[in-house]
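J.: Keeping their order, the protein sequence lines are chains Z and D.
Just so we're aligned: 581 in the numbering used here is position 75 of the first sequence, and the numbers increase by one with no gaps anywhere.
Just so we're aligned: 509 in the numbering used here is position 3 of the second sequence, and the numbers increase by one with no gaps anywhere.
None of these hints come from the bench; they were simulated from the model.
Beta carbons are placed, not taken as given, at the ideal position from N, Cα and C, and that holds for glycine.
One thing to keep in mind: the hints can contain errors.
Here are the simulated lysine-lysine pairs, DSBU-like style, with alpha carbons at most 30 Å apart [unchecked claim]:
(1) D:Lys558 - D:Lys606
(2) D:Lys558 - Z:Lys606
(3) D:Lys606 - Z:Lys606
(4) Z:Lys558 - Z:Lys606
With the C-beta cut set under 10 Å, the calculated list includes, among others, these residues of chain D facing chain Z [claimed, not checked]:
(5) Met507
(6) Ser519
(7) Ala526
(8) Phe527
(9) Gly535
(10) Gly548
(11) Met581
(12) Ala603
(13) Leu647
(14) Pro650
Each pair of labels, with its calculated beta carbon distance range [stated by the list, open to error]:
(15) Z:Asp651 - D:Ala642: 38 to 48 Å
(16) Z:Arg588 - D:Ile607: 34 to 44 Å
(17) Z:Pro637 - D:Arg523: 28 to 38 Å
(18) Z:Ala654 - D:Glu540: 39 to 49 Å
Here's the letter readout for the chains.
There are 2 protein chains.
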Amino acid sequence: MEQRISLITLGVSDLARSRAFYEALGWHGQEIEETVFIQAGGLAVTLWGRDKLAADAGLADPGPAPGAPGGFGGMALAHNVRTRDEVDAVLATATAAGAKITQPAHETFYGGYAGYFRDPDGHLWEIAWNPGFTLAADGSLTLPDFGAS
Amino acid sequence: MEQRISLITLGVSDLARSRAFYEALGWHGQEIEETVFIQAGGLAVTLWGRDKLAADAGLADPGPAPGAPGGFGGMALAHNVRTRDEVDAVLATATAAGAKITQPAHETFYGGYAGYFRDPDGHLWEIAWNPGFTLAADGSLTLPDFGAS
Numbered sequence: 507m508e509q510r511i512s513l514i515t516l517g518v519s520d521l522a523r524s525r526a527f528y529e530a531l532g533w534h535g536q537e538i539e540e541t542v543f544i545q546a547g548g549l550a551v552t553l554w555g556r557d558k559l560a561a562d563a564g565l566a567d568p569g570p571a572p573g574a575p576g577g578f579g580g581m582a583l584a585h586n587v588r589t590r591d592e593v594d595a596v597l598a599t600a601t602a603a604g605a606k607i608t609q610p611a612h613e614t615f616y617g618g619y620a621g622y623f624r625d626p627d628g629h630l631w632e633i634a635w636n637p638g639f640t641l642a643a644d645g646s647l648t649l650p651d652f653g654a655s
Numbered sequence: 507m508e509q510r511i512s513l514i515t516l517g518v519s520d521l522a523r524s525r526a527f528y529e530a531l532g533w534h535g536q537e538i539e540e541t542v543f544i545q546a547g548g549l550a551v552t553l554w555g556r557d558k559l560a561a562d563a564g565l566a567d568p569g570p571a572p573g574a575p576g577g578f579g580g581m582a583l584a585h586n587v588r589t590r591d592e593v594d595a596v597l598a599t600a601t602a603a604g605a606k607i608t609q610p611a612h613e614t615f616y617g618g619y620a621g622y623f624r625d626p627d628g629h630l631w632e633i634a635w636n637p638g639f640t641l642a643a644d645g646s647l648t649l650p651d652f653g654a655s
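So that you can see chain Z by itself, here it is in the shape it has in the complex (with noise of 0.2 Å):
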């Protein structure tokens, strides 16, 4: 695994307000599909909704879950990798460190293959596999154009 992060998922409940938010900030993102995509240096930071991105890491009851180890804090980190096997593969050495899987590998909307695991604190990762974001030599990730404003 290499040591780099793809994206940082934001958990919001309004998403509207939280790209507003953003904005207010000096920050500019496409929104595609409910989700804002945000270019922070070389990876992604994603607004997306919170019983969405609950829902697609495998909790069945985000909230107002606890955000001590094992409560979900509504935040996700992303680690993505080149090839489609790269997805089991990290997936079974952090099952073998102690990680707890909370969404095996399967074929994702995007068309892609993901999984999510907990490290032993808790903390929520992805990873994926994205054949629609490329990886520069460096893993560094730069969104595509989607189109959107």
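For this one, chain Z is given, so just place chain D on it according to the hints.
T.: For chain D alone, coordinates are given in the frame of chain Z:
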């Protein structure tokens, strides 16, 4: 506020356990003052005691607090700036945008200047000027060699 993240701090309950977990994934860092710093692309992932992170962020009672809006998910994003004055400027902009300041800007133990706010969903951000962490022209952060293992 430039569109980038400088550090992601994971609040952990057992630093040695957490470090061992990430090393098992193939990540390597340096430990200094009970903090593990891991270079991750153009930013740093930091492992730090959850209680210390909560106290640093001005949260009186970190847990087992709700991860729901207003709660503490045990994770904080940091945006580092190039000058001390920028800390005040960004915190003022965030406040005007509806953020709640949890820790006003103050001198830090490492000789810097920093403060924290929550976004509308409770996500925690630190805005920091750290003279020991140089930002490249593109905003990426490269950890110094602490001379630690």
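J.: All the hints need checking, so say for each whether the structure fits it.
T.: The hints, checked one at a time:
1. Restraint check for Lys558 (chain D) and Lys606 (chain D): satisfied, since their Cα atoms lie roughly 20 Å apart, inside the 30 Å limit.
2. In summary, the hint linking Lys558 (chain D) to Lys606 (chain Z) is supported, as the alpha carbons are separated by about 25 Å, within the 30 Å threshold.
3. The suggested pairing of Lys606 (chain D) with Lys606 (chain Z) is violated, with an alpha-carbon distance near 33 Å, which exceeds 30 Å.
4. Between Lys558 (chain Z) and Lys606 (chain Z) the CA atoms are separated by roughly 20 Å; this keeps the pair inside 30 Å, and the hint holds.
5. Taking 10 Å as the C-beta cut-off, the interface hint given for Met507 (chain D) holds, the closest approach to chain Z being about 5 Å.
6. Because the closest C-beta pair between Ser519 (chain D) and chain Z is about 6 Å apart, less than 10 Å, the hint holds.
7. About 8 Å separates the beta-carbon of Ala526 (chain D) from the nearest beta-carbon of chain Z, less than 10 Å, and the hint is met.
8. The criterion of a C-beta within 10 Å of any C-beta in chain Z is met by Phe527 (chain D), whose closest approach is roughly 5 Å, and the hint holds.
9. Interface hint status for Gly535 (chain D): upheld, as the beta-carbon distance to the closest one in chain Z is roughly 9 Å, under 10 Å.
10. Of the supplied interface hints, the one on Gly548 (chain D) holds, with its beta-carbon coming within about 5 Å of a beta-carbon of chain Z, less than 10 Å.
11. The interface hint given for Met581 (chain D) is met, as the beta carbon of that residue sits about 5 Å from the closest beta carbon of chain Z, less than 10 Å.
12. Look at Ala603 (chain D): its Cβ gets to within about 3 Å of chain Z, closer than 10 Å, so that hint holds up.
13. Interface hint status for Leu647 (chain D): upheld, as the beta-carbon distance to the closest one in chain Z is roughly 9 Å, under 10 Å.
14. This hint is violated: Pro650 (chain D) has a C-beta 16 Å from the nearest C-beta of chain Z, more than the 10 Å allowed.
15. In this structure the hint that Asp651 (chain Z) and Ala642 (chain D) lie 38 to 48 Å apart at CB is violated, the actual value being about 25 Å.
16. The beta-carbon spacing between Arg588 (chain Z) and Ile607 (chain D), approximately 41 Å, falls within the hinted interval of 34 to 44 Å.
17. Between Pro637 (chain Z) and Arg523 (chain D) the beta carbons are some 35 Å apart, a value that agrees with the proposed interval 28 to 38 Å.
18. Between Ala654 (chain Z) and Glu540 (chain D) the Cβ separation comes to about 44 Å, which falls inside the hinted range of 39 to 49 Å.
The earlier numbered hints that this structure contradicts are 3, 14, 15.
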